[in-house]
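Starting from the two chains in their separate frames, assemble the complex, guided by the hints.
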Amino acid sequence: MTNGFRCISVLEPELIGFLHMRRTRVDKVNAELVTLTYGTIVAQLCQDYDSNYQDVNKQLDKMGYNIGMRLIEDFLAKSGVGRCANFRETADMIAKVGFKIFLNVTPTVTNWTSDNTQFSLIFEENPLADFVELPDDGRAQDELWFSNILCGVLRGSLEMVQMQIEAHFVSDVLRGDDTTEMRVSLVRYIEDEMPPEEE
Amino acid sequence: MAAPPRHATMQSISNGGIVPGTDRQQTQQTQAQLSQQSPGLRVPSNRKTIYDRHLNRSRNTELSRASFAFLFGEMVTYAQRRVTGIQDLEKRLNEQGYPLGLRLLDLLFYRSTSTSSSALSSSSTSSSPPNRPLRIITLLHLIHGPLWRLLFGRAADALEHSVSPDTPNEYMITDNDPMVNTYISAPRDMSMLNCAAYVAGIIEGVCDGCGFETKVSAHNQPTELWPSRTVFLVRFGDPVMEREKVLERAGVK
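Chains as they are written, first to last, in the UniProt record's numbering: chain A, 1 to 199; chain B, 1 to 253.
Just chain B, same shape as in the assembly (with noise of 0.2 Å):
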């Protein structure tokens, strides 16, 4: 299936941290022609690069929410004034959010590895690496369960399949208090506005990394009980739909 063009660029930077084993002997040595030909990046002489450090050093590690809000908060308004209206805005907050998903993606396959099976046991049963998705619902279900936690340390609310027969290709994950909108408050005329574009860009990262062409879009649906309630509605693309269908026939889970 071919990565789409969005991707396709990214993939080779994000694979950079994420290499263990034999591929990063040869990450080093490439590293260390590039540093013969050419100038290429200064490294600490302590050596203290992204290289040197584990990956899962920070991985329960807890910062203050109050950093994110600021940061958060800081980012929208620089968005605000660069665009022309609340979609625009969106569409930019969804675009940050973007390349972040291809990058988890990647983290959450190297991290359900290392810790499901050993080094040693994986790679013996070597022909079933990192069982990325791929059916939709299993990928929906990284995004709900794995993905959230990682991201807001609980999974989403609620995962749903469009009932109307017109749109099968449109699926519902629903965080009723989504943290990235606890500290935003939108004026008056931008009440549609809602911030979690940033991680509906995110979760289209997943999926886009993944191989599933998708649109992804973040809406308000307040109830009393939940003000801030967001749906994230997911539309695959029709290519998507027809590989699910052959893919269903096959018998592949």
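Extracted from the complex, chain A is given alone in its bound form (with noise of 0.2 Å):
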């Protein structure tokens, strides 16, 4: 794949997603109505596969794999974005545009690995966990990522873009951590699969 389009926009990237909030205040909802949603998706998922956490988290990513696949679109649309030149844009734009368009926070990229293929998000804020605490069962701190979603998000909306990432949370506040920090992996770039042309 090459990257014929430069990212056409002039902006930074922390400029779009504020002239987004500011431009499309009709399209909001009340953040606690999204956050206790996702509350019950999580409760309900946890009795469905009887509080086995592992079988959750892997739910949640499905669930958030889905998602993405369709919101990449949205994201698109929304923020008028072009093409990124390398990962490292990449990163900036999920975390400055992205976060920000959908869940109005800014999480910070750091980590970087030396070849610019690996890098965490740390989240400040994370509308998801709000009024969240986790079942003490003496497992759930240990097993469950509540918030996995977020990562089959990112996994399904970046295949779309023809980019194979891996994505998993390495630490989170509801566990007792100090921070709640997501790693990204760009696994590979994905190339166009063209029909097989006659010779």
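Any given hint could turn out to be false.
[Claimed, not checked] In silico contact screen, one side only, chain B against chain A (beta carbon under 10 Å); selected entries: (1) N46; (2) L63; (3) A66; (4) F68; (5) E74; (6) R82; (7) R92; (8) E95; (9) L104; (10) L107; (11) L150.
[Claimed, not checked] EDC-like cross-link-like pairs, simulated, lysine to aspartate or glutamate; straight-line CA separation at most 20 Å: (12) K91/B to D189/B; (13) K78/A to E62/B; (14) K48/B to E159/A; (15) K48/B to E12/A; (16) K78/A to E12/A; (17) K48/B to E181/A; (18) K48/B to D142/A; (19) K58/A to E181/A; (20) K48/B to D136/A; (21) K62/A to E159/A; (22) K91/B to E125/A; (23) K48/B to E124/A; (24) K48/B to D178/A; (25) K28/A to D177/B; (26) K91/B to E244/B; (27) K48/B to D130/A; (28) K28/A to E62/B; (29) K253/B to E213/B.
To be clear, the hints were calculated from the coordinates, so they are not data collected in a lab.
Being a predicted model, the structure only gives us computed values, none of them experimental.
Quick reminder that beta carbons are idealized off the backbone N, C-alpha and C, glycines included.
Printed below as a string of structure tokens:
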């Protein structure tokens, strides 16, 4: 895949996110409705999977993947950004535009590996986890990644723009950690699979 | 009045986050005791727990409507895979809304007291705790107004009482354009489906939390102007109706 289209926007990612928030006040809902709805989803999964938290994590990731595949369309339409030149630019777009538009937070991008294929997102705020306390059953804090749906969303949406990634949480304040951190790794750029040409 | 069993277990959980003042100190004490006895829940050293953050922090915050639509859509799709029919699906959505109603009730009371009168004056006139509805009409007004505004930013569109003498226990709350259905399109063979069953569950939770045993269901009642108009049918149980009569005679409002 060639990077034929450079990032066409001259605006900084922060500004794009900010302008978007200003423009679209109509398309808002009460944040608590979103938070509580996500809470019921996780609670339902815990019930359905009999508190097998590994399975809950997997299912959340799967749901996120389904969302991500459709969300990318919305993201591109709302943000109006073009193709990113490299993975570092992608990371900035995710944090400063994507998360700003959909969750109104801006996680910090940090801990890059030297080959620029892995980074961390540190969440100062996480609307999905407001009002949340994990079950005190001695396992949830070791096994459940409450916001795991976000990993799936990133995986699904980036796959739609030819990036195969892997994402997982490495710490969460709900587990008693001091930060909430997600690790994102680029696996490969997916080549366009053209139909075999007739010679 | 006996609380419904469904509600009893929930209450203890939802109280956790919503205990200001002295109760809160007690909670912290019990927490401290707990942590000495058993490992309990770990908390971050910077104390970013639900007990340290103000409950009204997120009161007027807003989020992208798309985020809600994506989550809710995925919730419905997931539920759909595990059910056998429309009724089953609606029952499931209802059950997911129910615990939300119980919690929102506490939140509504907490906020209505902390704004209308200061903490001091309410404690000096102590015997009148948050005005929990005792009569059906007050309860329905709470749902039609404050609950709807908290969830959807506006009041519901209508509140009616059944005109049939056979069903005096039926009330209807109408929403001309329920936000939850905006981005849901049901396949043709499921045209009866109304995903606002989720909201019906929330209403049921609020009523149950108040001690009003209720069944609530969501029904499509489209008009030319409002194609997705939904009527929430609220059916109170017989004990509630009997108590209502007693309260009416006693002149309780």
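Notebook entry, point to check: Is K48/B within 20 Å of D136/A, Cα to Cα?
Noted result: Satisfied, since the Cα-Cα distance of roughly 17 Å is no more than 20 Å.
Check: Does the alpha-carbon distance linking K58/A and E181/A stay inside the 20 Å limit?
Finding: Between K58/A and E181/A the Cα gap is close to 18 Å, so the pair holds against 20 Å.
Margin query: Tell me if the interface restraint on E95/B is satisfied: Cβ within less than 10 Å of some Cβ in chain A.
Written below: holds (8 Å)
Next item on the list: Given the hint that K91/B pairs with E125/A, test it: the Cα-Cα distance must not exceed 20 Å.
Entry: violated (34 Å)
Next item on the list: Identify whether the interface hint at N46/B stands, where standing means a beta carbon of chain A within less than 10 Å of its own.
Entry: Hint holds; N46/B Cβ to chain A Cβ min 6 Å, cut 10 Å.
Notebook entry, point to check: Would the stated hint for E74/B survive a check requiring a Cβ distance to chain A of less than 10 Å?
Noted result: Interface hint status for E74/B: holds (5 Å vs cutoff 10 Å).
Check: If you draw a straight line from the CA of K91/B to the CA of D189/B, is it 20 Å or shorter?
Finding: holds (18 Å)
Notebook entry, point to check: Once the shortest beta carbon distance from L104/B to chain A is found, is it less than 10 Å?
Noted result: Interface hint status for L104/B: holds (8 Å vs cutoff 10 Å).
Check: With a cut-off of 10 Å, does the beta carbon of A66/B approach a beta carbon of chain A closely enough for the hint to hold?
Finding: Hint holds; A66/B Cβ to chain A Cβ min 6 Å, cut 10 Å.
Margin query: With the threshold set at 20 Å, check whether the alpha-carbon distance from K28/A to D177/B stays at or below it.
Written below: holds (15 Å)
Note to self: Check the hint pairing K48/B with E12/A against an upper bound of 20 Å on the C-alpha distance.
What the structure shows: violated (31 Å)
Check: Has the given pair, K48/B with E124/A, been kept, meaning a C-alpha gap of at most 20 Å?
Finding: holds (10 Å)
Hint violations for this structure: numbers 14, 15, 22, 26, all remaining hints satisfied.
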